[in-house]
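**Q** Sequence:
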Amino acid sequence: MTSESRNNVDVFTTLTFPLHFFDLTLPTPPWLPPNATFGAQPSNTSNASANPHWSTLLGNSLYFYEEQRSGKLPNTNRVSWRNDSALDDGKDAGTDLSGGYYDAGALANTSYATTLLSHAQQLYTFATNDSIPQQTYQTSVPSVGQAYASSGYSDELALAGFFLSLAGNSSDAYTQAVQVYQQQNLSQRLQADPVLNWDEKTPAVALLGLQIAKAYTNLTTGGAQPNWQSDLEGYFDRIVNGSGRGYLTGGITAACGLLYYPGDSDEASLNPALNAAMLLMRYADSGLPSTSSKHSAYIEFAQNQVDYVLGNNPMTVPYIVGMHPNSPANPHSALATGASPADIANVDTVPTQEAYVLYGGVVGGPDAQDRFWDMRSDWVQNEVALDYVAPVLTLAARAIVEGTSDPWYTRLDVGSNEQKKPGGQPCDAAVSDGCTSKGKGWRVGKIVMASLVSAIGMFVLSVGALWMFLVWRYRNGGKLPEAFIANL
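Just so you know, we're using UniProt numbering here: the sequence shown kicks off at 1 and counts up by one.
In short, the hints are calculated from the structure, not lab data. Errors might be hidden in some of the hints.
Each pair of labels, with its calculated beta carbon distance range [claimed, not checked]:
hint : residue 1 : residue 2 : range
1    : G415      : T136      : 43 to 51 Å
2    : N218      : P341      : 53 to 61 Å
3    : D88       : A334      : 35 to 43 Å
4    : K421      : L87       : 38 to 46 Å
For each residue, glycine too, the CB sits at the ideal point set by N, CA and C.
Required output: the full structure, derived from the provided sequences and hints.
**A** The structure is reproduced here in structure tokens:
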């Protein structure tokens, strides 16, 4: 989700969490991202230890969120070029709204976690109160619909119920979530092949419902269960065999095609593909597929998507900033660019090189023809956002635990992306210079100050999936990845 992609409205969003709830001992010295040249050096690490490249990818992904923080930064801040900002936020309304996105370390404070759970339960009770009409939030507050209008609330209600059933060991919450899934026909919605994103969470609802039913049978005492497996495998099979709404760029037999959904992938093409890969990996790794052939097919397809994002693509670009010399050099970010407002008209050339490397940022991605121009003004292809990075947390952690070989980008020739870069200009919602037909929508791409605009829900989903995966591994005799611990 981008700042400009809803009715051409610029939105400055900070996600407020206290920065002082942090009772873990931090590493000394603090972990910092290595230079991008590290990504061009294959590792010699055996499967007996954590792969340094996947560890770096996980570390950079977590570091990205620190790069995005707002408000008064703590003395543990690792990002030397970030300063305090927006300290007077909310002051005009007599409310202190300063503070921005904070990393997952806050979850280590058990008393604060209990407070959050209490508030979550209160909100869920309010949302499910039959005496209050249920409606989308833009119906109650029309102004928010100009930027992030919701298509519906039933998937969020079901997902909230499932998470609360886990957090509070509540069979009632699980039963309520199942009822929402059944009464709101989410199974039928899944048959329409929705992508998983900030607005649509139905695929995650079905997967979480099934995972709980399999792992926590004490919570599933409230009656008949939906046919989770059938719903999910129908959805996944259409992804893998190309019979659904999504298709592979380059064709179904393409060795390095990106899963692309017309409409959903037109802005930020990598996000639907990475989210699908995360779902497929979670389903397969949980031992849920009905056959071994499905298990293999899901893992293979998901890994191909990860490989595409990490460099196995026609552009030979790993689409994560700072991971390799071929990574995007011009992410659409006011924080990293270092340009002044007076330079906005020349944002693609001033400054020549961005002032700071936005390590860990996942860009929007290539177009439907696999082309990528790496233009600062093209927010469709080059904007970074919180939810773009979210699935990488789970995928990188899985690769560490599974002892996967080096990421694809270690095989790339440095500079090969320059020879692959397409000529001409893009044709999308941000840049129209490459459009050859009339009627193409056009908007001037522009740097958005503090690009914290995206859905916290996707981050919560991915961290939840990461947590469930790590706990499962730990209970089965595995160890938590040191790279994950070092970034708490």
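**Q** Run every hint past the structure and note whether it holds.
**A** To see whether the hints hold, each was checked on the structure:
no.: 1; hint: G415 - T136: 43 to 51 Å; result: 49 Å, holds
no.: 2; hint: N218 - P341: 53 to 61 Å; result: 58 Å, holds
no.: 3; hint: D88 - A334: 35 to 43 Å; result: 19 Å, violated
no.: 4; hint: K421 - L87: 38 to 46 Å; result: 41 Å, holds
The structure does not agree with numbered hint 3 stated previously, though it agrees with all others.
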